[in-house]
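Undergrad: Single-letter residue listing:
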Amino acid sequence: MTWIRRHLVIVIGLLVMAYILLPNLVVLAYSFNKPNGRLNITWQQFSLDAWLHPCNSPGICTSVGLSLKIGIIASLTATVLGTLVAFALGRHRFRGRAGTNLLIFMPMATPEVVMGSSLLTLFIALGVGTGQTTILIAHIMFCLSFVVVTVKARIASLDPRLEEAAADLYANPLQAFRRVTFPLVAPGIAAGAMLAFSLSFDDYIITNFNASPSSVTFPMYIWGAAQRGVPVQVNVIGSIMFLGAVAFVAFGQVLASRRERAGTA
Amino acid sequence: MSEALATGGPPARRARRNWVPYALLAPGLLWLIVFFAVPTLSLVSQSLQTGDVYNGYVLTWNVQTYVDALSTYWPQMVRSLVYAGLATVFTLLLGYPLAWFIAHRSGRFKNVLLVLVVAPFFTSFLIRTLAWQTILGNGGLLESTMSWLHLTWLLHGFESFLGLVNLGTGNQLLYTPFAVVSGLTYNFLPFMVLPLYANIERLDLRLVEAASDLYATPFHAFRRVIWPLSLPGVVAGTLLTFIPAAGDYINSVLLGSTQTVMIGQVIDSQFLRVLNYPLAAALSVVLMAVIIGLVMAYVRRAGTEELV
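Those sequence lines, one after another, are chains A and B.
Those letters in the first sequence? Residues 0 to 264, per numbering that gives the first Met the number 0, in order.
Those letters in the second sequence? Residues 0 to 307, per numbering that gives the first Met the number 0, in order.
Just so you know, the hints here were simulated from the structure itself, not pulled from any lab data.
All residues carry an ideal CB built from backbone N, CA and C; glycine is no exception.
You may find that some hints are simply not true.
Sample of chain B residues at the chain A side, in silico, Cβ under 10 Å [to be verified]:
#1 His103
#2 Ala118
#3 Tyr276
What follows is a set of in silico ranges between Cβ atoms, one per label pair, in the way DEER data are often shown [stated by the list, open to error]:
#4 A:Trp50 <-> B:Leu58: 54 to 64 Å
#5 A:Leu67 <-> B:Ser143: 50 to 60 Å
#6 A:Gly243 <-> B:Ser143: 21 to 31 Å
#7 A:Leu24 <-> B:Leu58: 46 to 56 Å
#8 A:Ile71 <-> B:Val111: 50 to 60 Å
Negatives, chain B to chain A, calculated, CB over 10 Å [stated by the list, open to error]:
#9 Pro20
#10 Tyr65
#11 Ser70
#12 Leu154
#13 Leu253
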């Protein structure tokens, strides 16, 4: 009884962890399935078909390509714009700070369906046809705030005395920024960029409002496929993204701990 | 919070070059003004216009649209808020122990667990929601596992119960409100866990010892000491869960039925299929207004101004 009470939080924690990870494991497992017919719901037999021919479902690789392209352009643009805003907020005094914070906060506090539909009304009012460009505009818009928040948190955690020390050592402001501030903020910028990319790559609702039949992103492709049965290839691409992200983070961790060890040695 | 923020941030010597912050802000803020603030106004304006897709729209301040929208679609609106509220409560109940476990009991696995909480994000939201079809569907993973454990009666009992209280057909889990709320809970759980973790990690556990030294039972130590201190994390987490969940319709479409239609689904189909732009815009405006109202009341009630 005491054992249960003492370890209750661990047991619950692990169960919730399992709840979080279960769908990903299901996606991975069913990427090796060979379904009978269109529905990939019941397990039939093991097969590597989908992994060997990931593009073997019409339109899937084009849509992944479009999502990658939009994700890269949108996350890079949002990262540049967002980082500039974060530096202004974290390192400068100016009028209108409260208004700026509100403008940054609101897109994160607005349901996607509202943002997507309001952008659509703007494009309708201006007579702009929807397509890749409008998707890009929308993605940069909703990624921007998340980049600002991520980078700003990193800037706020920096010790301002480091920059003062650089100035004491005769670095001019540009040098201090280039050699001290920027390298220290860089991990926050990288995290913001990664967050922006994953948000963009994954977005369905806002994209759907601002897309056209000729600009089908990967989430839109899945949505369409969901009506008639999702091909196993979708599981393969989902699993690649998942395993790739885990490997990427693990690699970063190993690198960081090795550097740390080298630093202490 | 850092000292820099407490004192208003910036070192005074920068004050002279006053154009610098505005130059840094300009491109980003301009983007948000043109593609977030202006569209919001355009949404409100669209909701007050009359006309149709082929002949164009004129601003007539037609408030009747709002009356029509609400009298027709209030059930979907209320349902969205109820589902989002339930999902928020469940994510809090599940997320709090998990955040506590990661913060204080996971030892050297802390970073690994944090990565695993975020990692599902990298498999598309849609794919993961579809995975719940595989799990909950008839003949799916849950049913096979239950029959392997000889617990099929439990599953079927629960399904009949859902049917009895009119929340399903009585012979399936998928396509019921239960499936939709579980999907929402699952999808927004990381949004709850991360702010909770950030808050709980900073809590000083010696406070619990101090409380029990003062004869507090574990329950009272939690209620009177730990819970109030973790409120900022709870507020941030509940907002990050409730707001997107209220507008979400991916879960209700993929895991629900015609009985579980949420307001986002109505807005989507009115905009993109029915092409009734004013009605769809009015519903969007109402959703936004309801959420802002609820959030403001909630934040005031919870007594914290620390947002996100």
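Undergrad: If any of the earlier hints don't hold here, list their numbers in rising order.
TA: Violated hints: 5, 8, 9 and 13; rest satisfied.
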